[in-house]
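Asker: Spelled out from the first residue to the last, the chains are:
Protein chains: 2
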Amino acid sequence: MAPSALILIADGTEEMEFTITFDTLVRADVVTRSAFVPENEGPYADSPPFAKGSRGINILPDFYLDDKHFGPDKFDLLVIPGGAKGADTMSKNQIVKKLVRDYLNASKVVGMICAGSLAALTSDLPRQPLTSHPSVKAQLEGFDYSEDSVVISGNLITSRGPGTAFPFAFALVERLCGADKRAEVFKPMVFPAGTPF
Amino acid sequence: MAPSALILIADGTEEMEFTITFDTLVRADVVTRSAFVPENEGPYADSPPFAKGSRGINILPDFYLDDKHFGPDKFDLLVIPGGAKGADTMSKNQIVKKLVRDYLNASKVVGMICAGSLAALTSDLPRQPLTSHPSVKAQLEGFDYSEDSVVISGNLITSRGPGTAFPFAFALVERLCGADKRAEVFKPMVFPAGTPF
Numbered sequence: 012m013a014p015s016a017l018i019l020i021a022d023g024t025e026e027m028e029f030t031i032t033f034d035t036l037v038r039a040d041v042v043t044r045s046a047f048v049p050e051n052e053g054p055y056a057d058s059p060p061f062a063k064g065s066r067g068i069n070i071l072p073d074f075y076l077d078d079k080h081f082g083p084d085k086f087d088l089l090v091i092p093g094g095a096k097g098a099d100t101m102s103k104n105q106i107v108k109k110l111v112r113d114y115l116n117a118s119k120v121v122g123m124i125c126a127g128s129l130a131a132l133t134s135d136l137p138r139q140p141l142t143s144h145p146s147v148k149a150q151l152e153g154f155d156y157s158e159d160s161v162v163i164s165g166n167l168i169t170s171r172g173p174g175t176a177f178p179f180a181f182a183l184v185e186r187l188c189g190a191d192k193r194a195e196v197f198k199p200m201v202f203p204a205g206t207p208f
Numbered sequence: 012m013a014p015s016a017l018i019l020i021a022d023g024t025e026e027m028e029f030t031i032t033f034d035t036l037v038r039a040d041v042v043t044r045s046a047f048v049p050e051n052e053g054p055y056a057d058s059p060p061f062a063k064g065s066r067g068i069n070i071l072p073d074f075y076l077d078d079k080h081f082g083p084d085k086f087d088l089l090v091i092p093g094g095a096k097g098a099d100t101m102s103k104n105q106i107v108k109k110l111v112r113d114y115l116n117a118s119k120v121v122g123m124i125c126a127g128s129l130a131a132l133t134s135d136l137p138r139q140p141l142t143s144h145p146s147v148k149a150q151l152e153g154f155d156y157s158e159d160s161v162v163i164s165g166n167l168i169t170s171r172g173p174g175t176a177f178p179f180a181f182a183l184v185e186r187l188c189g190a191d192k193r194a195e196v197f198k199p200m201v202f203p204a205g206t207p208f
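Respectively, the protein sequence lines represent chains A and B. Per the numbering used here, residue 12 is the first one in the first sequence, and the count goes up by one each step. Per the numbering used here, residue 12 is the first one in the second sequence, and the count goes up by one each step.
Because the hints were derived from the structure by calculation, they are not lab data. Take the hints with a grain of salt, since some may be wrong.
It does not matter which identical chain is used: a pair holds within one copy or between any two.
[To be verified] Once the Cα atoms are required to be at most 27 Å apart in a straight line, the calculated DSSO-like pairs of lysine-lysine come out as:
{"no.": "1", "residue 1": "Lys109", "residue 2": "Lys79"}
{"no.": "2", "residue 1": "Lys63", "residue 2": "Lys96"}
{"no.": "3", "residue 1": "Lys119", "residue 2": "Lys79"}
{"no.": "4", "residue 1": "Lys109", "residue 2": "Lys119"}
{"no.": "5", "residue 1": "Lys192", "residue 2": "Lys148"}
Input sequences plus hints: build the corresponding full structure.
Answerer: The following block contains the structure:
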């Protein structure tokens, strides 16, 4: 069965980080879906049917997040993208915090990029190697902070920003689908000669 | 006055190329808008209010393209992203073909990436240096084809695929806003050390 991924999205999500990760996973034949996290928990009545990206691109999510349909029995990978406001919404959301712990406890993979790494803090993950956008580094001093573009700590894979979204996505593809699939997806994207990933 | 950009979008547009270009221009304070190009010209009644991206991300355009509101008197830059189906739709559209010629005749900038470069052919642009996704290279043999990641030919700036979308976007930012703004936008995106652009 093809591996599957759930990528969260909210108002203020960094649309490049969301899109690069989603698209690259789909290119690797990962069954990929998005779920919207509302700014205020509770009924979705106040939420529009789309997520307002951090730079004005409006994206329609596949689902609205709930506490019943998105557990580690449903997907192999949970991704939390950045964008300051979107990551703030996600990292404070009770369902998201439980999902992060549940996925890791079930030996599924969790990816966090940019300010999305704040969810490692709010989900009370144990001290371990991790990276994030430099702007939230100070909040993550309880972790073994790295400035590598992609940091793999068991099943927690973290990254830094839009500029590292491609290597982040390829690390997720390699984990779910293997190195051959990574190479297969990489080639037709036509990266410049000398690209360091 | 801040420079402005219009990015076209259609069903089948490569959502990474669209999003990376749009988001990077917005980070450079370029007033950036998107316009939807329908598969069948004529009334928009059959089009949903969103563009179905090539890998399943649905994006809400700001406008629907018409022949009255999107000329070179309104924007400084016109961008045609790739994705085979989306680029096919755009490059065959009569309004798009006229806009490409009108922008260049008015000394405004036109950017094409990936299969979007086919619009240079369908718009009857004169022979000049150009690049594209390798998959459509054969159709562009009437141009001086290059395999550089970004090719600048006067006011026509072309590029190759998702892997070159960042250097493409930065080339557009540099043209519209200067090298200092490019450097300002580049830094907080946290590209890996050794990134060749």
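Asker: Please go over all the hints and tell whether each is borne out by the structure.
Answerer: Status of each hint after checking the structure:
1. Lys109 - Lys79: within (12 Å within a copy, 51 Å between copies)
2. Lys63 - Lys96: Both ways: Lys63 and Lys96 sit 11 Å apart in one copy and 26 Å across, limit 27 Å.
3. Lys119 - Lys79: within (17 Å within a copy, 52 Å between copies)
4. Lys109 - Lys119: Close inside one copy (13 Å), not across copies (51 Å); limit 27 Å.
5. Lys192 - Lys148: between (32 Å within a copy, 25 Å between copies)
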